[in-house]
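> Taken in order, these protein sequences are the chains called L and P. Here the numbering used here is used: position 266 in the first sequence is 266, and no number is missing along the way. Here the numbering used here is used: position 237 in the second sequence is 237, and no number is missing along the way.
Certain hints may be false.
30 Å max Cα-Cα, derived DSS-like pairs, lysine-lysine [stated by the list, open to error]:
id, chain 1, residue 1, chain 2, residue 2
1, P, Lys129, L, Lys205
2, P, Lys129, P, Lys95
3, L, Lys179, P, Lys130
4, P, Lys130, L, Lys205
5, L, Lys179, P, Lys95
6, P, Lys95, L, Lys205
7, L, Lys205, P, Lys116
Calculated from the structure, these hints are not laboratory results.
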Amino acid sequence: MTDRLRDKIIPVTVILAAIVVAWYVGSYAMNAPFQRDLDRRAGVTSTTWEFVVKTMSQPKPTLPAPHQVAVNFVENTFFRKVTSNRSLVYHAAVTLSSTVLGFAFGTVLGILIAVGIVHVVTLDRSLMPWIITSQTIPILALAPMIIVVLAAVGITGLIPKALISTYLSFFPVAVGMVKGLRSPEIMHLDLMHTYNASAGQVFWKLRVPASVPFLFASMKVAVAASLVGAIVGELPTGAVAGIGSKLLSGSYYSQTIDMFAALVAGSIVAILLVSLVGLAGRITERVMGARPA
Amino acid sequence: MISAKGLDLTFQTGDGPVHALSNVDLEIGKGEFVSFIGPSGCGKTTFLRVIADLEQPTGGAITVNGMSPQEARRRRAYGYVFQAAALYPWRTIEKNVALPLEIMGISAAEQRERVKRTLDLVNLTGFGKKFPWQLSGGMQQRASIARALAFDADLLLMDEPFGALDEIVRDHLNEQLLELWARTNKTICFVTHSIPEAVYLSTKIVVMSPRPGRVTDVINSTLPKERPLDIRESTEFLAIAHRVREGLRAGQSYED
Numbered sequence: 001m002t003d004r005l006r007d008k009i010i011p012v013t014v015i016l017a018a019i020v021v022a023w024y025v026g027s028y029a030m031n032a033p034f035q036r037d038l039d040r041r042a043g044v045t046s047t048t049w050e051f052v053v054k055t056m057s058q059p060k061p062t063l064p065a066p067h068q069v070a071v072n073f074v075e076n077t078f079f080r081k082v083t084s085n086r087s088l089v090y091h092a093a094v095t096l097s098s099t100v101l102g103f104a105f106g107t108v109l110g111i112l113i114a115v116g117i118v119h120v121v122t123l124d125r126s127l128m129p130w131i132i133t134s135q136t137i138p139i140l141a142l143a144p145m146i147i148v149v150l151a152a153v154g155i156t157g158l159i160p161k162a163l164i165s166t167y168l169s170f171f172p173v174a175v176g177m178v179k180g181l182r183s184p185e186i187m188h189l190d191l192m193h194t195y196n197a198s199a200g201q202v203f204w205k206l207r208v209p210a211s212v213p214f215l216f217a218s219m220k221v222a223v224a225a226s227l228v229g230a231i232v233g234e235l236p237t238g239a240v241a242g243i244g245s246k247l248l249s250g251s252y253y254s255q256t257i258d259m260f261a262a263l264v265a266g267s268i269v270a271i272l273l274v275s276l277v278g279l280a281g282r283i284t285e286r287v288m289g290a291r292p293a
Numbered sequence: 001m002i003s004a005k006g007l008d009l010t011f012q013t014g015d016g017p018v019h020a021l022s023n024v025d026l027e028i029g030k031g032e033f034v035s036f037i038g039p040s041g042c043g044k045t046t047f048l049r050v051i052a053d054l055e056q057p058t059g060g061a062i063t064v065n066g067m068s069p070q071e072a073r074r075r076r077a078y079g080y081v082f083q084a085a086a087l088y089p090w091r092t093i094e095k096n097v098a099l100p101l102e103i104m105g106i107s108a109a110e111q112r113e114r115v116k117r118t119l120d121l122v123n124l125t126g127f128g129k130k131f132p133w134q135l136s137g138g139m140q141q142r143a144s145i146a147r148a149l150a151f152d153a154d155l156l157l158m159d160e161p162f163g164a165l166d167e168i169v170r171d172h173l174n175e176q177l178l179e180l181w182a183r184t185n186k187t188i189c190f191v192t193h194s195i196p197e198a199v200y201l202s203t204k205i206v207v208m209s210p211r212p213g214r215v216t217d218v219i220n221s222t223l224p225k226e227r228p229l230d231i232r233e234s235t236e237f238l239a240i241a242h243r244v245r246e247g248l249r250a251g252q253s254y255e256d
């Protein structure tokens, strides 16, 4: 227990405290000019301490202080009905639904592409440059086009947003799975050859199980990318709900505290998603007999 | 069982052709235990891989059970044991042994029966549910032998199967291998670096030398089929070992 305290809890707490202190200092520095302006115009003089407190209780600060964000976050997460437009749980759920759908599409698409690349020489030679090119196009440029094109053919709502997530998440899965499906050692492949195994048998009994660790590693990257895609997808779509729309409306009305709270909500969703994928990976590997670390 | 005539195999590499096998003539009869011995690069592993249809010869002729190696492989005529155990880490030992049976489409009931039988044969009874990493190196290699035996091919090809194991484990496995050979009456081709191992195990020792890979001597062992470990101190054993060593030395003198 004392080891855990020394090795983990103390260092983590120290770093966290340092970040919070730096944040407070930054928040004072960023908000002070505006506050000085306000005070001068109102003809108010205050003690240093009063002034510091005022810089951290502005309704629309340049950089909100940590406690302002925390209060806003707690209020909008725990003390609102989840159906309310102000509830962060509601917005997170909207974003989460398109993230998960897009991630599922992306994973399936990535696996299919990888299988194609590993088994079809033509695809191996031709597909990779296109896939890499696809990832060099900024998603911000592409997202509105996807939304508009799909709306033109009558697809609106969840699917277009999810497809933006798919666009970002298939790439790590495809790259990881190509590597994974090619990971079996020569000896393991030779063994299959001596049994006169068919390509299908080699695939299911050797390539697929060998690729599982690669799959989960790339799915972790993909799920985080999916969330980014979902949030970005909410920006140009005029979405009225979701973490992205919360960020957008916050920026329209300079509601910086709301924006930060939405960012916190987004980070928590990201942590949850990545941990869930990691957990699923660990359970799968345990079932597949991996040596416990 | 295996017949090679004028067998050639040349690899084309960046540094020019490498003559892995050159004009190899060899007859291996049914039920023989044949060891291939020689320094690295003498083509002993390559020869085994040609029998297994893992390499294609560039000249000469070879038949396995009267067929081409490819045909023999299609009919699952041999089991192959690699230098490393090459067990699939995500399969338990019994699932690893069952792998060739699954691929050959053998019924689940018969799979269970054969897995049990072959695990008993290599003295791994009770280890079926373990994963490979839970076993020692020697036990893993025994599991891989069980896997090669599971589908009852008449021919067992072994490529330095005990090369990575220590002397004590190796002695033990050699003894067990002889016992297994006596019980199953299989033909075994065994590649090794070790003179005592070759002499102890074999009814026929094929001495090879490198550049180009070729057979320099074929020694028919005069040792009895029943071989306790201490036969290795008998004069007969030492005489054969001496002849192997002479053969290896003769092969090397070509280079000097």
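> Hint by hint, say whether it matches the structure.
Comparing the hints with the structure gives:
1. With a CA separation close to 18 Å, the supplied pair P/Lys129 and L/Lys205 stays within the 30 Å bound.
2. Between P/Lys129 and P/Lys95 the CA atoms are separated by roughly 8 Å; this keeps the pair inside 30 Å, and the hint holds.
3. For the proposed pair L/Lys179 and P/Lys130, the alpha carbon gap of about 28 Å is at most 30 Å, so the pair holds.
4. Between P/Lys130 and L/Lys205 the alpha-carbon distance is near 19 Å, which keeps this suggested pair within the 30 Å criterion.
5. Of the pairs offered as hints, the one joining L/Lys179 and P/Lys95 holds, with about 25 Å between alpha carbons and a cut-off of 30 Å not exceeded.
6. Restraint check: the Cα-Cα separation between P/Lys95 and L/Lys205 comes to about 11 Å, which is no more than 30 Å; the hinted pair holds.
7. Taking the CA atoms of L/Lys205 and P/Lys116, the gap is near 21 Å; set against the 30 Å cutoff, the hint holds.
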